[in-house]
Every structure is written in C-alpha cells, then in structure tokens.
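J.: Sequence:
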Amino acid sequence: MEDSDLTDLSGESLETQFHRVKKWTEKSHVKAFGSTKLSHEIVGNYQSTYDKSSSDEEPTTDDIDTTPTTRSTSAAFGLDSSAVDARDVDLVTAFYRYLRAKPGKDRRELGNEVIATI
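So for the sequence shown, my numbering puts the first residue at 77; every next one is plus one.
If you're looking for bench data, these hints aren't it; they were derived computationally from the structure.
Heads up, some of the hints might be wrong.
Keeping only pairs whose Cα atoms sit at most 30 Å apart, straight-line, the calculated DSSO-like set for lysine-lysine is [stated by the list, open to error]:
hint, residue 1, residue 2
1, K99, K113
2, K113, K98
3, K113, K103
DEER-style ranges, computed between Cβ atoms [what the hints assert, rightly or not]:
hint, residue 1, residue 2, range
4, L175, G110, 43 to 49 Å
5, T193, S111, 41 to 47 Å
6, T101, K181, 25 to 31 Å
7, K113, N188, 40 to 46 Å
8, N188, S115, 47 to 53 Å
9, A192, S89, 54 to 60 Å
10, V160, G110, 27 to 33 Å
Positions of the beta carbon are idealized from the N, C-alpha and C atoms, including for glycine.
Input sequences plus hints: build the corresponding full structure.
T.: Written as structure tokens, this is what we have:
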C-alpha cells in the first residue's frame, strides 16, 4: 500500500489497512478479492523491511507529515525525482517540449499549450 512506510506494519491488519485506504480513495472503487481468511493477518507478514540489514536502512519518516493528505513520501525524501503523478503527465510533457524548443514562434505556441494545459 502507498503509506506502508509511514505505518507500523507489525500491528496493522490487512483488513484495517484496506478500510483506511478505501476511506481515502475518492475517484475509484476499492475492491477486496482473494481469501478473506487472511484479513486478520498483519500487513508486516507480507510487506515489511524487517529483514533488511542496518546498511540497507532508508531515511526515517520522523519528520514527515503523516496525515492522510500526504500521498508521496518518496517526494518528501527527494527519491524518484523523475517520477510524475499520472494526472500531471500532459502538463510535464508539454512543459519539456517547451523547454527543448528553439526560441521563436514554435516556442511561444508551446508555451501557450503549457498554459492551456494548466
């Protein structure tokens, strides 16, 4: 799940995580599938970093705002800096076409395309 790095996986059940994510999701229909017998198992059984050695440790999340509105912890750490939210792909693509264009009429048109996309 998206926020697993912010949550204590040793105490959260699959069912609890499912209901929390379902509550946050606004633009799609969250569905459960598979065996419901697993719903009371903890998330850490399936998704965790407990077996990493200390040299593999990632940055801590102590300074990150963990409210439900925080969607991308990788952005907070500066990781995956080339990743783009799917909703912004058209804007980013138009922006980079504008940046790479030679000065002149074509670049102005691309600038207008960026503005129109916004």
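J.: Would you mind marking each hint as holding or not holding in the structure?
T.: Consistency of the hints with the structure:
1. A hinted pair counts as satisfied when its Cα atoms are at most 30 Å apart, and K99 with K113 qualifies at roughly 22 Å.
2. For the proposed pair K113 and K98, the alpha carbon gap of about 19 Å is at most 30 Å, so the pair holds.
3. For the hint pairing K113 with K103, the CA-to-CA distance comes to about 28 Å; that is within 30 Å, so the pair holds.
4. Hint check: L175 to G110, Cβ distance near 45 Å, so the stated range 43 to 49 Å holds.
5. T193 and S111 have their C-beta atoms about 44 Å apart, which keeps the hinted 41 to 47 Å range intact.
6. The given range of 25 to 31 Å is broken by T101 and K181, whose C-beta atoms sit roughly 44 Å from each other.
7. Between K113 and N188 the C-beta distance comes to about 57 Å, which lies outside the given range of 40 to 46 Å.
8. Checked against the hint of 47 to 53 Å, the pair N188 and S115 passes, with Cβ atoms roughly 52 Å apart.
9. For A192 and S89, the Cβ-Cβ distance of about 47 Å falls outside the hinted range of 54 to 60 Å, so the restraint is violated.
10. For the pair V160 and G110, the beta carbons lie near 31 Å from each other, so the given range of 27 to 33 Å is met.
When held up to the earlier numbered hints, the structure conflicts with 6, 7, 9 and fits the remainder.
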